[in-house]
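Novice: Sequence:
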Amino acid sequence: MSDSIIEVVERQLRAYNEKDAQAWAATYAEDAVQLSTEGVVLATGREAIQANIAARFLEPDLKATVLSRETYGNVVIDHEHIVRNFPEGKGSVEMLCIYTVEGPFITHGIFKVFNKQLELN
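According to full-length UniProt numbering, the sequence shown is numbered sequentially starting from 1.
Note that these hints are calculated values from the structure, not bench results. Be a bit skeptical, because a hint or two may be false.
Claimed, not checked - Listed next, the in silico BS3-like pairs over lysine-lysine satisfying Cα-Cα at most 30 Å (straight line):
hint	residue 1	residue 2
1	63	19
2	63	90
3	116	19
4	90	112
5	63	112
6	112	19
7	19	90
8	116	63
As the list claims (entries may be wrong) - Label-pair restraints from in silico Cβ distances:
hint	residue 1	residue 2	range
9	120	22	32 to 38 Å
10	7	85	15 to 21 Å
11	74	44	16 to 22 Å
12	45	14	20 to 26 Å
13	44	10	20 to 26 Å
14	94	14	18 to 24 Å
15	39	17	24 to 30 Å
16	118	72	17 to 23 Å
17	95	31	30 to 36 Å
18	26	63	16 to 22 Å
19	42	75	24 to 30 Å
20	45	11	16 to 22 Å
No residue lacks a Cβ here, since even glycine has one placed at the ideal position from N, Cα and C.
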């Protein structure tokens, strides 16, 4: 089972780095939920998930790199470094991404953003 859940998360990461909102959202179940680690609902349902990511995919330097990955049953936990274009300039954040995978889809994503840094000019 570990290989198939990793493949689902890898497809999602690939689509993220290719900025393909449709392919990215297709890795999520129709009724998937995305939450912050504080319990704030970020998006419910594939359509809302795709709409939420569309603006981020306009960032020219957007790129996610996995720093570490662990699997526990049907849960994948990624520690990622993400290059972003913030209103105040180019920078990066780290993210803790906890994905629950059922079959070919991510059903839950829980996210923690931390360590925001801006590039010095």
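Novice: Decide, hint by hint, whether the structure agrees.
Specialist: Each hint, compared with the structure:
1. Restraint check for residue 63 and residue 19: satisfied, since their Cα atoms lie roughly 9 Å apart, inside the 30 Å limit.
2. Pair hint residue 63 plus residue 90 holds up; C-alpha atoms about 12 Å apart against a cutoff of 30 Å.
3. Restraint check for residue 116 and residue 19: the C-alpha separation of about 21 Å stays at or below 30 Å, so the hint holds.
4. At most 30 Å may separate the alpha-carbon atoms for a hinted pair to count; residue 90 and residue 112 meet this at roughly 20 Å.
5. A C-alpha spacing of about 17 Å is found between residue 63 and residue 112, which places the hinted pair at or below 30 Å, so the restraint holds.
6. Annotation: proposed proximity of residue 112 to residue 19 holds, straight-line Cα distance about 21 Å (limit 30 Å).
7. Of the pairs offered as hints, the one joining residue 19 and residue 90 holds, with about 17 Å between alpha carbons and a cut-off of 30 Å not exceeded.
8. The hinted pair formed by residue 116 and residue 63 meets the criterion: a straight-line CA distance of about 14 Å does not exceed 30 Å.
9. Distance hint check: the CB atoms of residue 120 and residue 22 are about 36 Å apart, consistent with the given range 32 to 38 Å.
10. The supplied range of 15 to 21 Å is broken by residue 7 and residue 85, whose beta-carbon atoms lie about 29 Å from each other.
11. As the Cβ distance of residue 74 to residue 44 is approximately 20 Å, the hint placing it in 16 to 22 Å holds.
12. In this structure, residue 45 and residue 14 meet the distance hint of 20 to 26 Å, their C-beta atoms being roughly 22 Å apart.
13. The supplied range of 20 to 26 Å is met by residue 44 and residue 10, whose beta-carbon atoms lie about 24 Å from each other.
14. Under the hint 18 to 24 Å, the C-beta atoms of residue 94 and residue 14, about 20 Å apart, fit the expected range.
15. Residue 39 and residue 17 have their C-beta atoms about 28 Å apart, which keeps the hinted 24 to 30 Å range intact.
16. For the pair residue 118 and residue 72, the beta carbons lie near 34 Å from each other, so the given range of 17 to 23 Å is not met.
17. Under the hint 30 to 36 Å, the C-beta atoms of residue 95 and residue 31, about 23 Å apart, miss the expected range.
18. Roughly 20 Å separates the CB atoms of residue 26 and residue 63, a value that falls within the hinted 16 to 22 Å.
19. A beta carbon spacing of about 18 Å between residue 42 and residue 75 contradicts the range 24 to 30 Å that was offered as a hint.
20. Residue 45 and residue 11 have their C-beta atoms about 19 Å apart, which keeps the hinted 16 to 22 Å range intact.
Checked against the numbered hints given earlier, the structure breaks hints 10, 16, 17, 19 and satisfies all the rest.
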